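Chemist: Below, each chain spelled out in residue letters.
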Amino acid sequence: MLKDLLEGKPLRHPIHPMLVHFPIGLFLLSFLVDLASLACPDAPNLLRGSFYAMLLGITTALVAAMPGFVDYSDIRRDHPGKVTAARHMILNLVVVTIYGINLWVRSSTLSDPKISLLPLLLSIIGIGLLSVSGYLGGRLVYDEGIAVGRHKRRTPTPQDTLHFSIEHAARDGEAAFVPVPEAEHLRNGETLRIEIDKEVMTIARIDNQLYAFQEFCTHRFGPLSEGSFHGFNVQCPWHNSCFDIRTGKVTKGPAKVDLKTFKIEIRDRKVGVLLRKAHDQKT
Amino acid sequence: MKWLLDLLKGKWLGHPLHPILAHVPMAMWPAALIFDLLSQWQIGGNAIVRLSFYAIVFGLATAVLAAPTGLVDWSGIKKEKPAWKIGLYHMALNLFVTLLFAVNLGLRWQTFREASEVDRVPLLLSAVGTLILIGSAYLGGRMVYEYGISVARMSKKKWRKLAEAGGANLPSE
Numbered sequence: 001m002l003k004d005l006l007e008g009k010p011l012r013h014p015i016h017p018m019l020v021h022f023p024i025g026l027f028l029l030s031f032l033v034d035l036a037s038l039a040c041p042d043a044p045n046l047l048r049g050s051f052y053a054m055l056l057g058i059t060t061a062l063v064a065a066m067p068g069f070v071d072y073s074d075i076r077r078d079h080p081g082k083v084t085a086a087r088h089m090i091l092n093l094v095v096v097t098i099y100g101i102n103l104w105v106r107s108s109t110l111s112d113p114k115i116s117l118l119p120l121l122l123s124i125i126g127i128g129l130l131s132v133s134g135y136l137g138g139r140l141v142y143d144e145g146i147a148v149g150r151h152k153r154r155t156p157t158p159q160d161t162l163h164f165s166i167e168h169a170a171r172d173g174e175a176a177f178v179p180v181p182e183a184e185h186l187r188n189g190e191t192l193r194i195e196i197d198k199e200v201m202t203i204a205r206i207d208n209q210l211y212a213f214q215e216f217c218t219h220r221f222g223p224l225s226e227g228s229f230h231g232f233n234v235q236c237p238w239h240n241s242c243f244d245i246r247t248g249k250v251t252k253g254p255a256k257v258d259l260k261t262f263k264i265e266i267r268d269r270k271v272g273v274l275l276r277k278a279h280d281q282k283t
Numbered sequence: 001m002k003w004l005l006d007l008l009k010g011k012w013l014g015h016p017l018h019p020i021l022a023h024v025p026m027a028m029w030p031a032a033l034i035f036d037l038l039s040q041w042q043i044g045g046n047a048i049v050r051l052s053f054y055a056i057v058f059g060l061a062t063a064v065l066a067a068p069t070g071l072v073d074w075s076g077i078k079k080e081k082p083a084w085k086i087g088l089y090h091m092a093l094n095l096f097v098t099l100l101f102a103v104n105l106g107l108r109w110q111t112f113r114e115a116s117e118v119d120r121v122p123l124l125l126s127a128v129g130t131l132i133l134i135g136s137a138y139l140g141g142r143m144v145y146e147y148g149i150s151v152a153r154m155s156k157k158k159w160r161k162l163a164e165a166g167g168a169n170l171p172s173e
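Protein chains in written order, with my numbering: chain F, 1 to 283; chain V, 1 to 173.
Treat the hints as calculated values from the structure; they're not laboratory data.
Fair warning: this is a prediction, and the values are worked out from it, not measured in the lab.
Hints are supplied without guarantee of correctness; some may be wrong.
According to the in silico footprint, chain V covers these stretches of chain F (three or more CB under 8 Å from chain V) [unchecked claim]:
1. 29-36
2. 129-140
3. 218-226
Restricting the straight-line Cα-Cα distance to at most 27 Å, the calculated cross-link-like pairs of lysine-lysine (DSSO-like) are [said to hold, decoys possible]:
4. F:114 to F:3
5. V:161 to F:82
6. V:158 to F:152
7. V:157 to F:198
8. F:82 to V:156
9. V:2 to F:249
10. V:81 to F:152
11. V:2 to F:152
12. V:78 to F:252
13. F:256 to V:11
14. F:82 to V:157
15. F:256 to V:9
16. V:157 to F:252
17. V:156 to F:252
18. V:158 to V:11
19. F:263 to V:81
20. V:11 to V:78
21. F:252 to V:161
22. V:11 to F:114
23. V:78 to F:152
24. F:198 to V:9
25. F:3 to V:85
26. V:85 to F:152
27. V:78 to V:156
28. V:81 to F:9
29. F:249 to F:263
30. F:249 to V:156
31. F:9 to F:82
32. F:252 to V:2
33. V:9 to V:157
34. F:198 to F:249
Here's a subset of chain F near chain V, in silico, CB distances under 7 Å, partners left out [said to hold, decoys possible]:
35. 6
36. 26
37. 52
38. 148
39. 199
40. 238
Note that the Cβ used here is the ideal one computed from N, Cα and C, for glycine as well.
Build out the structure end to end from the sequences listed, making use of the hints.
Modeler: Encoded structure:
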């Protein structure tokens, strides 16, 4: 599948962060060579070199954009990193546009000994915006965990969180039955990310059975709805902690604390989660 | 001493420093290979020979800065983790590649000002160096994307809050 290819699944490494080294490095190089032309106007060919660096930078930036779009579109809609990713993308588009103009402006003055003000200014603005954008891209990986461990997952990850409420659920003494109709359509290895009155959980279908457990890993709270499944174990995409989804027990560290699990039931041919009353949940 | 470690880890920036700095050699040295090849195909003339030289210099200068930040990140990994060994290979390969490009630079020092073509030996060194660099950088990327090194290290508190709000079982702080 083209999407899997652009996400770097066969390489077991995302493609976009591999390619972005080139525009970042080359735009910086072009700026440094511009500065060198101011410092030593006697050195020949500097502006021509700077032009080539910029040209290669723009080319590689356009190539990097493609897997970048795919990575962006695969982030869950309500993920805290989605906004950062949108900013990162818009900034990058602005930066490439500025460099396109820069390249065009300087193309007629390649034999000059010194860089002139306008292209230099455009380079400074470009580097400034690129630094911010690159920083945001890094935060997406190191803070938000975007694309970390994604290649281990074979099925698509949830595109959104589904919201439910206990309020209108059928009561059964201390427990409430909350139907989750979407769970019926899950295929093996697929997950839902759902929230029932603030309680966030993953529903997964494994071996034709549905299981529900807390969404957040107990190590650094990675998203288990984006985890991979090995038998009845869910593996956190971030640091590879494993949990038995039937019991919630840790089967492999670094996590030390077990997951909360929830009961899945079928009532009147409806699949749903059986929740004890909210105040009973934290025990 | 702690302030230095924190500085190298990038705590002040809220972002690990090593992967930022690593962008420069990772871009410059393959770019130098491309420029060398262009010069062999008679494209760009002396401008491209010079550009290749500057790219190698910029890469070397940044690699020297990136090395201590990488060492500090690596020293934080427990020895029994698979990422420790990968980090060790990553480090050894990077040292070797840096050495190759230093030699490469020395070989073109005398000629880059006038030459319109890069010699065979430096070109070969650029090619070998780039190949090893790609392998090494891949290992570096695997440490992040497979083993989660530096992932959610600085944002741990934020995620803990989200997990807490989501009713999750949590380890005690």
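Chemist: Sort out which numbered hints this structure fails and list those numbers smallest first.
Modeler: 4, 9, 11, 19, 22, 24, 25, 32 and 35
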